[in-house]
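If you're matching them up, the sequences are chains A and B in order.
The first sequence runs contiguously to residue 115 in the working numbering.
The second sequence runs contiguously to residue 108 in the working numbering.
Please keep in mind that the hints were generated in silico from the structure rather than gathered at the bench.
Keep in mind the model is a prediction, meaning the values are calculated, not measured.
It cannot be assumed that every hint is accurate.
Said to hold, decoys possible - In the DSS-like style, the derived pairs of lysine-lysine whose C-alpha atoms are separated by at most 25 Å in a straight line are:
{"hint": "1", "chain 1": "A", "residue 1": "Lys3", "chain 2": "B", "residue 2": "Lys57"}
{"hint": "2", "chain 1": "B", "residue 1": "Lys100", "chain 2": "B", "residue 2": "Lys22"}
{"hint": "3", "chain 1": "B", "residue 1": "Lys100", "chain 2": "A", "residue 2": "Lys57"}
{"hint": "4", "chain 1": "B", "residue 1": "Lys73", "chain 2": "B", "residue 2": "Lys100"}
{"hint": "5", "chain 1": "B", "residue 1": "Lys65", "chain 2": "B", "residue 2": "Lys22"}
{"hint": "6", "chain 1": "A", "residue 1": "Lys70", "chain 2": "A", "residue 2": "Lys57"}
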Amino acid sequence: DVKVTQSSRYLVKRTGEKVFLECVQDMDHENMFWYRQDPGLGLRLIYFSYDVKMKEKGDIPEGYSVSREKKERFSLILESASTNQTSMYLCASSPGGSPFYNEQFFGPGTRLTVL
Amino acid sequence: AQRVTQPEKLLSVFKGAPVELKCNYSYSGSPELFWYVQYSRQRLQLLLRHISRESIKGFTADLNKGETSFHLKKPFAQEEDSAMYYCAAGARNTPLVFGKGTRLSVIA
Chain A
1 DVKVTQSSRY
11 LVKRTGEKVF
21 LECVQDMDHE
31 NMFWYRQDPG
41 LGLRLIYFSY
51 DVKMKEKGDI
61 PEGYSVSREK
71 KERFSLILES
81 ASTNQTSMYL
91 CASSPGGSPF
101 YNEQFFGPGT
111 RLTVL
Chain B
1 AQRVTQPEKL
11 LSVFKGAPVE
21 LKCNYSYSGS
31 PELFWYVQYS
41 RQRLQLLLRH
51 ISRESIKGFT
61 ADLNKGETSF
71 HLKKPFAQEE
81 DSAMYYCAAG
91 ARNTPLVFGK
101 GTRLSVIA
């Protein structure tokens with residue numbers, strides 16, 4: 001079974017703090033993704049990566065950055081957290097080839113609250 | 001712009017009744033269509049995709065290119081089908097676009 005793990009299930013941070021969300025997959029997938037999930041808005045893509053050190057912006061990259069130094073790990077960084085970044089963050093991975101034709105495997109999510 | 005529309009936020013049906021979750025898409029080219037499901041306290045997972053043409057847990061989805069729809073159907077709903085369902089469309093070089101989701105509630 002593909003396993004995608006996220007470093008925290010719940011996180012509470014203060015406005016202005018730098019926040020790191022970590023994601024690790026164990027199936028040697030080339031593609032990795034970060035989404036945020038909000039009620040009534042569905043899933044929105046923040047960033048994705050199709051290879052080590054490669055990254056592409058998704059629909060809502062503002063206020064976020066990412067890092068992919070190793071194939072299995074994809075980090076989402078909030079440089080200066082704001083209250084409107086309170087959300088559920090989902091990481092996903094998929095096999096090589098087109099990132100968007102293949103099934104994506106999701107992590108359990110990190111619920112981030114910014115006070 | 002690529003768009004996936006799920007017109008119902010909430011759908012309630014009685015156990016044993018037919019279920020249809022609607023999905024319409026606006027997408028250039030030939031997208032691949034997916035249905036993802038999230039059961040309570042579980043991670044989001046793929047339910048089925050158009051290219052596989054499978055029936056998973058009794059669910060099927062037919063692609064209607066003329067109506068640009070990919071509705072999810074099941075003839076007899078079960079309580080364990082209660083979940084959040086997301087329709088999604090992706091293309092070779094275009095990020096996957098998700099609908100806003102439909103919460104299905106199956107009433108005993």
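How the hints compare with the structure:
no. : hint               : result
1   : A/Lys3 x B/Lys57   : holds (22 Å)
2   : B/Lys100 x B/Lys22 : holds (12 Å)
3   : B/Lys100 x A/Lys57 : holds (20 Å)
4   : B/Lys73 x B/Lys100 : holds (18 Å)
5   : B/Lys65 x B/Lys22  : holds (14 Å)
6   : A/Lys70 x A/Lys57  : holds (19 Å)
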